[in-house]
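Engineer: Listed here are the chains, written in short residue letters.
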Amino acid sequence: MSKIFGVALGILAAIGGFVDIGDLVFNVSAGATFGYQLMWVLPIGVVGIIVYSEMCGRIAAVSKKAVFDAVRDRVGFSAGLGALIASEVVNLMTFAAELGGVAISLQLLCGLPYRWLIALAVVGLAVVIWVTSFEWIERIFGYGGLCLLVFAVAAVKLTPDWGKFGNGFIPHVAQNNSLLYAYFVVGLLGAAMTPYEVYFYSSGGVEEEWTPKDISLNRANAIIGYGLGGFLSVALMVTGATLFLGHGISPAHLGTIALGAQVPLGEIGLLLALIGILFAVGGASIDTVFSGAYNLAQFCGWEWGRYRTNVNAPRFTLTWIVLLALGMGIVMTGVDAVVLTEYAVIFSVVALPLTYIPILLVANDEAYMGRHRNGRLANVLGVVYLVVIMVVALSAIPLMILTNVGQN
Amino acid sequence: MTEIDIALKVLDHQILDREGRRCGNVDDLEIEGGPGETARVTAILVGPGVWAQRARRIGWIASFVGGGRRVRVPWEDVTEVESHVVLSKTAEELGLGRGDDRLRPWIEKIPGAHR
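So the protein sequences, as listed, match chains A and B. All residue numbers for the first sequence refer to our numbering, where the first residue is 1428 and numbers rise by one. All residue numbers for the second sequence refer to our numbering, where the first residue is 824 and numbers rise by one.
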């Protein structure tokens, strides 16, 4: 019974932890710009992250290797170093965007000056990481993020056109403005399949000492956690579509996104939305700094781990402290968090193949995986998604330039 | 599998010392034996000092940033080659993981570092 309870708690935390600033920005903007037309992209993105998370969770369980161990093992030093540098840059950008999101939601909640709140947020995150066990960090931010469910209530209360909503899940090309439409397809996929999620997930598996016995638990975790998390993405897009479409409003500010809950539900809706956003981006801030530290430590062979005490993994600890400081420096320049988010998501799309190709190779390697190597389903999905990712990665930057980062 | 096959398999793998501590990756191998002779692995090489020879310019930069230290671990000290490379001595005895050891006193000064 307590085991079921534990799994349920884990799932709740995963739902709350799924959404980050990339999902908030792209889902609501996509709804505001194209209504329900882009709904079909959400299940594709969610299945993609499930497929690759399941693979690297299985790799962690069988070979005890986290993503960047496997990357270096499989593609060698120089290609691995290239992948590391690209991932670290994208991770840092993503972290800075999440941190900006934390400061903005704090500002909307308490009204203090933005730059003070950035510093306060960094100190707060550092203290939380330093003194709290990781189990509790996951719970605190995961449950807090569950406040985002207010968007599901808001979405229903805004009485969407269910017929159009349903039709949105049938893949189709845009009736007009097809470049912008394509840009949003890329952004939505990128937001759902953010690379830090797989780094974080697989490193967690190694730390929790998963064994081949945990493979089915890993599969259930990935499917249920990400699947239900995707439900929140749907709610966010519906809110954007019902509230903003046709009014010429594009949510260029996180506060506008929170309005999506205020309009149908009033003050309490706004409050829950802001708290949900705060915890979701706060949790993602921690995930991203840790991912950056994991990758570097794994590439260099240092001690690493969030379940280890800080003194037992000194260089890992120093790395996340430095990343916190660098992220703070970026946000302090006054760069707009929503703009930074768009750049972070688009660049992470470009870096995706560099991590996903080695994962697919290792998951197929009998020397590492023995009888747990990819079955037919995992391989078919893995290859299909790899093709999707390649196409998306190649078109991401041109689309970003052609649409002026989604502005036209 | 010959010794060389095994050795090439360990390239870029995580190294664990006798106590299971992560103390570097196999950054390069030292192989002896000229043309016509049987090649023999004599040591694994660890540390940023060998990165320059692994990847041209970018490797040189990474090596410079990393401090350029290199440690030679005799092949005799390797006890196990599975998904990780396990050594028969501790990291300290072999001079591995020095960066973590040097940084530890500083991290320890921060209250709550042992949590």
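Heads up, a few of these hints could be off.
[Stated by the list, open to error] With a straight-line cut-off of 27 Å between C-alpha atoms, the simulated DSS-like cross-links for lysine-lysine are: (1) B:832 / A:1491; (2) B:932 / A:1491; (3) B:832 / B:932; (4) A:1491 / A:1584.
[Said to hold, decoys possible] Here are some chain B residues pointing at chain A (derived, C-beta under 8 Å): (5) 827; (6) 882; (7) 926; (8) 931.
To be clear, the hints were calculated from the coordinates, so they are not data collected in a lab. Source: prediction; values computed, not measured. The beta carbon of each residue, even a glycine, is placed where N, CA and C say it ideally should be.
Engineer: Against each hint, give a clear statement of whether it holds in the structure.
Structural biologist: We went through each hint and held it up to the structure:
no.: 1; hint: B:832 / A:1491; verdict: holds (17 Å)
no.: 2; hint: B:932 / A:1491; verdict: violated (32 Å)
no.: 3; hint: B:832 / B:932; verdict: violated (41 Å)
no.: 4; hint: A:1491 / A:1584; verdict: violated (47 Å)
no.: 5; hint: 827; verdict: violated (17 Å)
no.: 6; hint: 882; verdict: holds (6 Å)
no.: 7; hint: 926; verdict: holds (4 Å)
no.: 8; hint: 931; verdict: holds (5 Å)
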